[in-house]
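Novice: Okay, here's what each chain looks like letter by letter:
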Amino acid sequence: MDKKVAIVGFRMKSAPDLVTTRERLTFELTRGLFDDLGIDRTAVDTTIFSTNDFLDGRTISNVFLDGPAGAYMRDESKVEMDGINALMYAVIRILSGQYSTAMVVALGLTGSQVSPYLHVEYQLSPVYDRQMRLLNELSAAAFQARSYLARYGYSEKLLDEVAAQALSNAAANPNQARKIPGASAEQVASSSPYYEPLRELHCYPPTDGGCAMLLASAERAKELTDKPVWVLGMGQSIETFYLGERDLAKSPSTAQAAQRAYEMAGIRDPKAEIDLAEISALFAHQEPLLAEALGLLEEGKAEEAYRSGDTAISGKMPLNPSGGALGGHPISATGIIRTAEAVRQLRGEAGDNQVGKAEVAVVHGQDGPCAQQNAVLVLGI
Amino acid sequence: MRNVAIVGIGYTPVFVSKRRDVCIPEMISEAVENAFKDSGLTPADIDAVVFGNMQTFEGVNLPHLWSADYIASLGKPVMRIATGGTTGMSAFHAGYYHIASGLHDVVMVVTYEKQSEGDSQVGLMGIITPEIMAMLAAGIDVTGQKGMGAIGGGSAGGISYQASSYLHHSGAGIEHIDAIAAMERRNAAKNPYAHLKDPEATAEKIAQTPLISWPIRFGHVCPTSDGATVCILASEEKAAKLVDKAAWVWAVANCASDATTGNLIEGIITDPAEQMPAQIAARQAYERAGIEDPKKEIDYVEIYNGFAHQTLMFLERIGMCEVGEAHKLLEKGELEMSGRLPVNSSGGVVSTNAIGTSAMNRVTECALQILGRAGEHQVEKEVHKALAHGWGGLMQYVTITILADKPKKL
Amino acid sequence: METSEATFITPVVPMDFTYNYRIGPYMTRYLEGFKERKILGSRCPACGRIAVPPRKYCGVCNKVMEEMVELPQEGTLENFTVGHVILEKGQLKAADAPYVLGLIRLDEKASLLLHRVEGVDPSRVEKGMKVKAVWKEDVEGDYGDLDHFEPA
Amino acid sequence: MEETRVVNATWDISTFKFRIEGFGINNMLKKMKEAKLLGNRCHQCGTVYLPANFYCRKCHIAIHEPAEISDHGEVMSYTIGYADVRGNPLDEPRVSLMVKLDGSDTWIMGAGEDMKPEDVHIGMRVKVKWAEQRVGNLQDMESFIPE
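Residue numbers (the numbering used here), protein chains in the order written: chain A, 1 to 381; chain B, 382 to 791; chain C, 792 to 943; chain D, 944 to 1090.
Be aware that a few hints might be false.
Stated by the list, open to error - With a straight-line cut-off of 25 Å between C-alpha atoms, the simulated SDA-like cross-links for lysine to any residue are: (1) B:Lys677 to B:His765; (2) B:Lys626 to B:Gly700; (3) C:Lys826 to C:Glu858; (4) B:Lys790 to B:Gly700; (5) D:Lys979 to D:Gly1066; (6) B:Lys622 to B:Gly687; (7) C:Lys927 to A:Leu134; (8) C:Lys854 to B:Ala518; (9) B:Lys789 to B:Ala518; (10) B:Lys527 to D:Gln1082; (11) B:Lys586 to D:Pro1036; (12) A:Lys157 to C:Glu869; (13) B:Lys619 to A:Gly97; (14) C:Lys880 to A:Tyr128; (15) B:Lys399 to C:Pro816; (16) A:Lys157 to C:Glu917; (17) D:Lys973 to B:Ala518; (18) C:Lys918 to A:Leu135; (19) D:Lys976 to C:Thr801; (20) A:Lys301 to C:Lys880; (21) B:Lys762 to B:Ala518; (22) D:Lys979 to D:Ala1074; (23) C:Lys826 to A:Gly97; (24) C:Lys923 to A:Leu135; (25) B:Lys527 to D:Leu981; (26) C:Lys884 to D:Pro1036; (27) C:Lys923 to A:Gly97.
For the record, the hints were derived by calculation from the structure and aren't laboratory data.
Note that the coordinates shown come from a computational prediction; the quantities given were computed from them, not determined experimentally.
Take the sequences, apply the hints, and build the full model.
Specialist: Written out as C-alpha cells, the structure reads:
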C-alpha cells in the first residue's frame, strides 16, 4: 500500500491500577491527543472504540464513552476485539474515501477492575470446555509452550531468557505497567510455577491501560503532523477454535496475516527489511513463536537469536523493545499500544528503548486462546 | 470509493422464541449455508468476514472465535463489530467499507442472537448494572415510587417517556400506536422469517393488551427471538460476474448521541423523542446518496422499532414526512404494503427481534423489496430506492443505509 | 486531571448472570455415547479427520460431518502440563497438589482430547506415554462420566 | 426439531471491582441535605449539568464552575405506570416525570405526587417536594408536586 493512511498522534497510559474510571481515562486520552495536535473534536470524522463487555462488566461497554471521547452527535462504531483490529477498521474507513480522519480509542481496565483470566474463560465453549473446567487461558498457553519447545528441542531456559529481556526493556519504558529493574533469567526461573513450563514471570500481568490514536488520509496527515507514520500493510487471519486440532508449535494464522501485510507493503525479505517488531506475546514462548511466524526469526534458531543479543534493543532484529505485553497487557488495548510503541520507535522518540534508526516496523495483535486469531500491521516512515 | 452490492442473503429457517434443538454456532451455520445457496458462492469466494451480535445476551465472549469453524472463516480476516441494538447494521457498514476501501472484493457479514440462552432483561440491565447498584446505595427507588431518579415505566423504562413525548409533539394518540403495531403484526404474518405473526391483528385487539406504562402496552413491545442473518456483499466488478440483479448500497451513515455521564439521574440534553442522531445520520446519508427530496425519492422504508410508536416517530425524524404527519399517513393507509410509502412490510423489529440481526434485517428486507423477492410481503409499488434504519444503545445510536436498484454513478 | 478514590463510587454487585445453553444434537450424541462407555467422534466426509467431541462442521473443508465413529479407549499422551494453580472465577490459587492435564490422541486421524491424567507421579509424566480411559462407576450420560485417563 | 439438553454457565459480575463516576452525584447529595440542588456549568458554552459532569460533552473540555439550580421546573415528558418491572399490575397507577429544572440544561426523573394521571401533561409546571428529614440521599427529594 502506498502512503495513503498515516498515524498522526496518540496518547497512551498504563499501570497496574490507574485509579480512574473508564470515562475519565477516555476523556484524558482523547483531550490530550487533541491538545497535542491542536485540534478539537470536530476534526475527528469517525471514532472507533475497542472495548469489551466482559472486561467492563456491562452490555454495550462503550455506551458511556461517546461523550468523553468527543463523539457526542458524531460518527462512531466499535470493534470488539484486540485494539489493533479497531485500528484496521479506521484504516479501512479512511481508504474508502468517506472519512479523512479516524480516531481509535482502546481501553482495558483489567488490573483494577476484573480478573483478566476470566476474559478467556468466557471465550471457551459453554457447552463443552466451560462444563469440563479443565481448560483455561493459562493451561492452554502451557500446552502451547511445551509444544513449541519440544518441536525445536529448546530448553525451558529459553522462556526465562525471553521474559528477562522483555522485563528489562519494560523497566526502562515509562509507558509500561510491570517494572522489574534488572530482571534476570534466574529471577524469572525462580518465580512461582503456574502450569509447567510456565511461571508467573512468563505470563502477562493484570494491567489497566488505554490508548487514543488519530489516523488521517495522506492529505490531512500533512496538515496535522510533520512526523506521519504510514500504514504500509495489514493482514489478519483466524484458525480453528479447537485446541486439539491446532498445531500449537506454530501460528499459521499469524503467518497468513503477515503474508498479507507484507504483500501489501511490498516486503519480500522481512528479516532484512524490518527494523523492529512489537508483538503481542502474552506468554514468554509466544514471542519467538510469533516472531518465527512473522518471518523475523529463523525457525529453530530462537535460542541463538536471544543468546547472541540479536533480539535485544541494540540487536539486528529487536523484538518488543518496549517490553511487550509481559510489561503490560490491558486487554482490548494491547495491540494498539504495541502500535503506539512502534510509532515512537519510527519517530525516534523511544528514549532508552530506542533501537537506533528505524524505518519499517511490524506490529502484531492477537485474540483467542493460544492466539487463535492474529493481526499484523506494517508501519513505515 | 467503490460501489458495493448485496449479492446474497441467508436467514435461519425460522425466527422463534426458543431454538431448543441447536447450539449457538449450529444455528448460525444454517444462515451461512442459506447465504451460500442464495448467492451460488462457496467459501473460497469469500475474502473476509464481519461478525456481529450482543455478546452479553449469550454470555460468550468474542463468539466469532467459537463460531470460526461454522462460518467458513478459517484462514480469512474476521472482524467482530458490536454496537448494541445497531450491531447488525454497524456490521453491515463494516462489510461495506471493507469493499469500498478497495481491500476486499467479496465479504460475508454474519449476525445472530440466541436470546433464549440468556435473560434479555438481565442483558439489557447489564448496560447499567454498576450504576444501578451505586444509585441504590445513593437512595434510588427502582420501583419508581419516590425520590429523585425514580425512573418508572415498568419494563418499558425510559421508552415510555419517549413515546409520551412523541405523542405530545406529533398530535398522534395511543390509538395510532395500536394501529401501527397491528399493521406490522399483520405484515409479519406474510413473512416466513418473522416471529410474532397475527394475520387478524387490529388496533382494537392491540388496545386490549394491558398497559405497562402510558402510552406503552404489551402489544407495542418487541419479542425476544432466536435467529441469524447473513448477507454477502461484493464489489461492482465481482457483482457483475455473480448476479443479474443486485441491491446497491448508495449511502451509509451513523451518529451517536450520549447516554448519560454514567449515572442514572441526568439525561441527555435533548428530549428523548427528539432523536437528533437520526436527523443527523439521515441528512448525511441523503447527501452521500445525492438525494434531494427523500419524500419523493425513497420508495420503501424499514424502521428499527423495538416499540411500535418508533415507526411513526422515526419516519418523521429521518425526514420521510413532516412532524405530526406520520399518523395521518397511517390513517390513510399509505404505510401499508399497498400504500404510497410502505414501511416495515417485514413486520419490523416489533414482530421479530433477535437483536444482533435486527438492524441487519432492516437492510436485507430493503434489498428483498428492491429485488422483488419479498414474496408474500412484497409491496405493490416498484421499489427503486429504499432506506433502512437502525437504533440502539441507551437510546443514542442511529444507523442509516440507503439501497437502490442500480449502481450509484461515482 | 487528577482522580482519587473520592471521585468515584465503587458499587458492589453481588450477583452473577446465569445463561442456559442448548447443547445441540452433536454434543447430545457424545454424551449419549457415555451411557455405553463409548467415546464418539464425527468424521469429515472430505478429509477423513475425526473431531472428538463430535461437532457439525469440519472447519477446514467446510463440510457437514454426519458420520459418527467410536474411538478406542486407549491412546497416546501427545502433550501435557503439570498444574500448580487453579483458577476460581479467574482468581489464581495454589493447587492442593500438582496435577496433570494431557492432550491425548485416541486415533491417528482424531483430534486431541484434553483430560486429566491420574495415577502417575507428575514429575514422571512423559510425552508418548500410553494412557487409557477411566470411567465413573455409574455413568449417566453426563460430562463427568469419562472421569480421567491413567497409564495403560 | 428435537429438543436438546440445557447446561448453565455464568458471567461473574460479582468478580468486578467497578468504579463509576461519583463526582457529580456525591457533590449533589451533600447539598441536598440543605434542600438545594448543585450542578455545574461549562465556562465555555454555558451548558448547565445536574448532577455536575467533569467535562462538557459539547465542548469536550474539563469543567469546574459550580451552579446552583432551582427546584422548580417544567415537565418534559411523563409516563403513568400500570405494571411493575416484572409485568405484574400495580394497585394504583403511578406518575413518573421527566423534568427540566429552571436553569439546567439536563433533565432528571422522579415520581409525581398530588396530581391525577389524567391531569399530567407536558409543559406542566412542577416543584420539588423535599423530605422533612434530609440525610444526603436521593430520597431527600421525595417527589415533584404541582407548582
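Novice: Please write out, lowest number first, the hints stated earlier that are contradicted by the structure.
Specialist: 2, 6, 8, 9, 20, 21, 23, 26, 27
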